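Q: Below are the chains, spelled out letter by letter.
Number of protein chains: 2
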Amino acid sequence: MAKNKVGREIPEVYASKFGVFEDQFARKPEYKRASGKAVAMLPNESKLRDSIREVILETGLKDGMTISFHHHFREGDQVLNMVMDEIAALGIKNLSLASSSIANVHAPLIDHIKNGVITNITSSGLRDKVGAAISSGIMENPVVIRSHGGRARAIEMGDIHIDVAFLGAPSCDHYGNANGSHGKATCGSLGYAKVDAEFADKVVIITDNLVPYPNTPISIPQNHVDYVVVVDSIGDPKGIAKGATRYTTNPKELLIAEYAERVIRETPYYKNGFSFQAGTGGSALAVARYLRNSMMRDHIKASFALGGLTGHLCDMMEEGLIEKVLDTQSFDIGATESLKKNESHYEISASFYANPGNKGAAVNNLDFVVLSALEIDTDYNVNVMTGSDGMIRGASGGHSDTACGSKVCIILTPLVRGRIPTVVEHVNTIITPGQSIDIVCTEVGIAINPLRKDLLEVFKDSDIPQFTIEELKNKAYSIVGTPDPIEYGEKVVALIEYRDGSLIDVVRQVKRDE
Amino acid sequence: MAKNKVGREIPEVYASKFGVFEDQFARKPEYKRASGKAVAMLPNESKLRDSIREVILETGLKDGMTISFHHHFREGDQVLNMVMDEIAALGIKNLSLASSSIANVHAPLIDHIKNGVITNITSSGLRDKVGAAISSGIMENPVVIRSHGGRARAIEMGDIHIDVAFLGAPSCDHYGNANGSHGKATCGSLGYAKVDAEFADKVVIITDNLVPYPNTPISIPQNHVDYVVVVDSIGDPKGIAKGATRYTTNPKELLIAEYAERVIRETPYYKNGFSFQAGTGGSALAVARYLRNSMMRDHIKASFALGGLTGHLCDMMEEGLIEKVLDTQSFDIGATESLKKNESHYEISASFYANPGNKGAAVNNLDFVVLSALEIDTDYNVNVMTGSDGMIRGASGGHSDTACGSKVCIILTPLVRGRIPTVVEHVNTIITPGQSIDIVCTEVGIAINPLRKDLLEVFKDSDIPQFTIEELKNKAYSIVGTPDPIEYGEKVVALIEYRDGSLIDVVRQVKRDE
Numbered sequence: 001m002a003k004n005k006v007g008r009e010i011p012e013v014y015a016s017k018f019g020v021f022e023d024q025f026a027r028k029p030e031y032k033r034a035s036g037k038a039v040a041m042l043p044n045e046s047k048l049r050d051s052i053r054e055v056i057l058e059t060g061l062k063d064g065m066t067i068s069f070h071h072h073f074r075e076g077d078q079v080l081n082m083v084m085d086e087i088a089a090l091g092i093k094n095l096s097l098a099s100s101s102i103a104n105v106h107a108p109l110i111d112h113i114k115n116g117v118i119t120n121i122t123s124s125g126l127r128d129k130v131g132a133a134i135s136s137g138i139m140e141n142p143v144v145i146r147s148h149g150g151r152a153r154a155i156e157m158g159d160i161h162i163d164v165a166f167l168g169a170p171s172c173d174h175y176g177n178a179n180g181s182h183g184k185a186t187c188g189s190l191g192y193a194k195v196d197a198e199f200a201d202k203v204v205i206i207t208d209n210l211v212p213y214p215n216t217p218i219s220i221p222q223n224h225v226d227y228v229v230v231v232d233s234i235g236d237p238k239g240i241a242k243g244a245t246r247y248t249t250n251p252k253e254l255l256i257a258e259y260a261e262r263v264i265r266e267t268p269y270y271k272n273g274f275s276f277q278a279g280t281g282g283s284a285l286a287v288a289r290y291l292r293n294s295m296m297r298d299h300i301k302a303s304f305a306l307g308g309l310t311g312h313l314c315d316m317m318e319e320g321l322i323e324k325v326l327d328t329q330s331f332d333i334g335a336t337e338s339l340k341k342n343e344s345h346y347e348i349s350a351s352f353y354a355n356p357g358n359k360g361a362a363v364n365n366l367d368f369v370v371l372s373a374l375e376i377d378t379d380y381n382v383n384v385m386t387g388s389d390g391m392i393r394g395a396s397g398g399h400s401d402t403a404c405g406s407k408v409c410i411i412l413t414p415l416v417r418g419r420i421p422t423v424v425e426h427v428n429t430i431i432t433p434g435q436s437i438d439i440v441c442t443e444v445g446i447a448i449n450p451l452r453k454d455l456l457e458v459f460k461d462s463d464i465p466q467f468t469i470e471e472l473k474n475k476a477y478s479i480v481g482t483p484d485p486i487e488y489g490e491k492v493v494a495l496i497e498y499r500d501g502s503l504i505d506v507v508r509q510v511k512r513d514e
Numbered sequence: 001m002a003k004n005k006v007g008r009e010i011p012e013v014y015a016s017k018f019g020v021f022e023d024q025f026a027r028k029p030e031y032k033r034a035s036g037k038a039v040a041m042l043p044n045e046s047k048l049r050d051s052i053r054e055v056i057l058e059t060g061l062k063d064g065m066t067i068s069f070h071h072h073f074r075e076g077d078q079v080l081n082m083v084m085d086e087i088a089a090l091g092i093k094n095l096s097l098a099s100s101s102i103a104n105v106h107a108p109l110i111d112h113i114k115n116g117v118i119t120n121i122t123s124s125g126l127r128d129k130v131g132a133a134i135s136s137g138i139m140e141n142p143v144v145i146r147s148h149g150g151r152a153r154a155i156e157m158g159d160i161h162i163d164v165a166f167l168g169a170p171s172c173d174h175y176g177n178a179n180g181s182h183g184k185a186t187c188g189s190l191g192y193a194k195v196d197a198e199f200a201d202k203v204v205i206i207t208d209n210l211v212p213y214p215n216t217p218i219s220i221p222q223n224h225v226d227y228v229v230v231v232d233s234i235g236d237p238k239g240i241a242k243g244a245t246r247y248t249t250n251p252k253e254l255l256i257a258e259y260a261e262r263v264i265r266e267t268p269y270y271k272n273g274f275s276f277q278a279g280t281g282g283s284a285l286a287v288a289r290y291l292r293n294s295m296m297r298d299h300i301k302a303s304f305a306l307g308g309l310t311g312h313l314c315d316m317m318e319e320g321l322i323e324k325v326l327d328t329q330s331f332d333i334g335a336t337e338s339l340k341k342n343e344s345h346y347e348i349s350a351s352f353y354a355n356p357g358n359k360g361a362a363v364n365n366l367d368f369v370v371l372s373a374l375e376i377d378t379d380y381n382v383n384v385m386t387g388s389d390g391m392i393r394g395a396s397g398g399h400s401d402t403a404c405g406s407k408v409c410i411i412l413t414p415l416v417r418g419r420i421p422t423v424v425e426h427v428n429t430i431i432t433p434g435q436s437i438d439i440v441c442t443e444v445g446i447a448i449n450p451l452r453k454d455l456l457e458v459f460k461d462s463d464i465p466q467f468t469i470e471e472l473k474n475k476a477y478s479i480v481g482t483p484d485p486i487e488y489g490e491k492v493v494a495l496i497e498y499r500d501g502s503l504i505d506v507v508r509q510v511k512r513d514e
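Those sequence lines, one after another, are chains A and B. Letter by letter, the first sequence follows residues 1 to 514 of our numbering. Letter by letter, the second sequence follows residues 1 to 514 of our numbering.
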C-alpha cells in the first residue's frame, strides 16, 4: 500500500501504474499530444452506411479495443445501448468502454459486463443501477473514474486511446458535420464528443436527422468523421434535457444559497467582469437567482459564466448581466435553446473547459464556482461519488477541475441529509482534495479553509456566521450521531483519478450482509 | 531523372524523397496524425509576454528549427517582417520558413535568406520580388511549393513539423482565444492559421487588440496557444483587404465569363442545392454576377459557396441565393464584414477546406469551381506559378485542390495576354494536372477535356462555340506567334508538390542574360 497526500491507501499495483496524488499542482506535464489515425477520403466516396452493424464491421472493431460514447443525452440516451447490443451480437469481447459518463438508462451494460463484452470501464460517473453493480464487484478490473477535464487530459496525453468513437448527434450531414442544437433529440453542446472525435482512430456519427451539406454550426467537423449512420431515434427528449427547473422552496436550501451569495459579494472578486460557474442543484440555482438581483442592484456585469450550463444563466446573459457563456454541456432546455439562438453562447470542448494538461483550460479563469457535495470532511476533502452506503452512484464531473481552477470554490451543503451527516471526519471517497475547497456554506453558516488566510482576513468582520469545519462536523454529529463506518471488502472496484492522472482514492467493494 | 505521369523530369534526389506524381487519386494515405507538443498551464500563470524578442527566447527557438506564419494579412502584413527582424537580431540561423504564403511586402526575407537566417522555405506562393530572387537562385535548397490543401496535409501527416508558429490575430484575449473578424486590422477568416495552431509545438499569438476574456468567436482556441504578445500594429488595413472590387468592363473578360456561366447552366449539376467556388479575378467575379441573375430567374438556390471568398458571394447569401458560405480566406472587406455579422458565413480551416489526406475535405463536395490560369496546355495542365519569363511570381493556392475535388472545373483564360499566348503546347510549370481540368473558357469559345465524355455528350448540341484545346492553342499562336522557349539553367529553385505530396514539377533557375 502507498499512502497518498490526502491519506488514502492505494494498493501498490495501482500506485505504481498511475502514481499517487500529491498536490493539485504537483504535475505540470510537458508532452507530445496524442493523435488518432486517419484514412484519406477521395471525392467520390461516401461516409454513409446503412446500419450500426455494417458500420461496426467497417471500423474494424476487434476484441480488446477501446470504444467511446458521450453522455450529452443523459437519461434519454439510446445510442450506447443500441451500439452495445450490436457489438455483443457480433461476438466481440473484452472491450474497454471509455464513455464520458454512464447513466441509469445504461443498465443493460451490466449484462455486457457479465458476458465479457466489456472488461474495462473509464467514466466520469456511474449512476444508480450500474454503480451498484460495480460496487457489488461484478468486474474483475476496477473502473477508472475521471473528471471531465481529467478525461480530456487522459485522451490528449494518450492514457486513453479510443479505437472507435460512436457519437450520437441530433443533426449531421452526409459528410459528418454535426451539432447538438438542431434536430429531434437536441442536447445543446457536444463538448465531450468533440474531444473523442478529434483523437479517436475511427469516428462514427449516429444521427436521426440527416440534413443537407454543409450542416452548421459545426460542433464536430467532417475531417474528424469516418462514417455516418442514420437511425430512427438516438434519444428521448424527455430524458435528455429537463424542462426549466423550478426554484427550490426548501428553506434550508435557500438559507445555504443566501450565505453563499453573500460570500460571493463580500469577496474582492465580486466586481465588474467577474466570472462564475454554478450547477443544477436547488441551492446552486438559488445562488444564481440571488446573485442576479445583487448584480442588477450593484450594476455589476459578469464577463462570463462557464458550464455545465442551465437556462437560468442564459437568461441572465439575455438580461445583460453576463457577457458570454462558455458551454461544454447544456443541462436543460433553456440552455439548449440559448445555444441555438444566442451567438454569445459559445460551445467549447471538454478540453478547452477543464483539461489540466493543455495550454490553458477555461476553469483557470474562473473567479467563483459553486459546487455541491455528498460529503465534506474536516480536511475539506469532498465526496461526490459514493453514497452513505458506500455504493457508487455519483459522478466526478467537473468538480475537481473547477475547484482547482477557480479563485474561490464554494461548497453548498446542508449539515445533514435525513439521518446522514454531510460534514464528517473522513469522507468515504475523495474526489476533490481539501486544498481546492475554499469555503463551505451550510444552513447554519460557513467555514473558511484555513489555507485561505486571505479569505479569513476578508471575512473577519463579516456578520455571516462562521465556524471551523470541526465545529460544523460536531453540529452535524450532534444532530444525527456519529455515523457507523461502512464495511468494505478488500477488492478495489474503482480507481479515483485526480484530474492530473494520479490516484486520489480507490473505492472498495461493499460487504454484503450474508 | 525520373519522369512523372505528366511528363516532367524530376531530379532523382527529389524524386526519391517525395515520389513523383502519378494520378490525382494515386495516393489514399492511411496514417497516424501528427501532433504538437504541449506544456500544461497552471491557473496562476500568464501567457502575456512583453515583446517579440522575449517571446522568441521563451519559445526556445533554435538554429535549424521550423517557424510558420499565415498570409491572411496579404500585402498588409507586418508580423512576418517584425518577427524575422528580431530572430535575425538574436543571431538565430538556418531556419525553415513554413508560411502559408509569401507576399511582396515580405521582400526583407531576401536579406534573411542571403544572411543564412532562412535556409529552407515552403509556401503556397512567392510574389514578385521574393519570387524573382528565388528564381535567380539565391537559395541553396529549393523552395517547396504546396497548395493550401497540400500544406495542411503535409502538416497533419508530419512532412512539415512547425516548432514555433507566430500568428498575427486582429483580436485576442490574454489566454490566446483569437479571431480575425474584430479589431483594427481585420482579415476575416483565420483558416490557414488554425492548422498551424493545432499542430505546432509552440504557438505565439501577436495582436494589436487585446480584448477581455473570453474573446469570441474563437477561431484559434486558448488550448492551442502558449504565448500572447501585444504590439502597436500587426497589419495595414489597406494592404490586407481590398475594398469592394469593381466589376470588370473588359469586353474579353466579360465574354469569357458569359461562356463560363452558360457552361455552368447547361450542365446537369446546375439545380437547387448546387455548390460552387469562384475567385477574385475580373472574369470570375463576372461569372458570379451572371450566375446571380440566372439563379434569380430560374429560382435556383445554391447550398453553399466555398472559398477564398469575396463579398460578392456573401451578398448573394444575403439575397437568399446561397444558403451558406464556408470561408478559409476572406478576400475583401465585404467577405470580412459578412463573417462578422452573418452566422451562415462559416469559418473553416485549410484542412477542412482542402486537405486531401484528411477524412474528407470540403472541396470534395463542390459541384463547380471557376479558376484562372497563367497558362494552360494541350494536355490541360495549368500553370499559375511562373510568368512568361519563367520567374516565380504566383501561388499554388487552392487551384489543384478545388480542381481535383469539384465535379466541374472551369478555367477562365483569354487566348493571349499582350504578346503572350495563354493556351500553349506545354506550360512552363504544372500546378494542376490536366486530368483535373474539365472545361476551358476563352473569349472565342470553350474546349472540353476529352476525358470528360459525359460533358462532351452534355454539350454536343450546345450553341456555345466549341474547339479542341489544340485548336485554341493554334488560334493563340496564330495571333502572337509561337513563343520562344525560356532558357533555364540546371539548378532547381523550387519543387512543386502536388496536393498529395508527390512532385508534379520543378522550377529551374532562369538563365540571366550575361
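None of these hints come from the bench; they were simulated from the model. From a predicted model like this one, the values you see are computed outputs, not experimental measurements. Be a bit skeptical, because a hint or two may be false.
[Claimed, not checked] Below are the EDC-like pairs computed for lysine to aspartate or glutamate, each with C-alpha atoms no more than 16 Å apart in a straight line:
1. B:Lys341 <-> A:Glu343
2. A:Lys341 <-> B:Glu343
3. B:Lys37 <-> B:Glu58
Q: For the pair supplied as a hint, Lys341 of chain A and Glu343 of chain B, is the alpha-carbon distance within the 16 Å limit?
A: holds (10 Å)
Q: For a C-alpha distance cap of 16 Å, please report whether Lys37 of chain B and Glu58 of chain B respect it.
A: The hint holds at about 15 Å.
Q: Run the distance test for Lys341 of chain B versus Glu343 of chain A: straight-line Cα separation, threshold 16 Å.
A: holds (10 Å)
Comparing the model with each numbered hint stated earlier shows that all of them hold.
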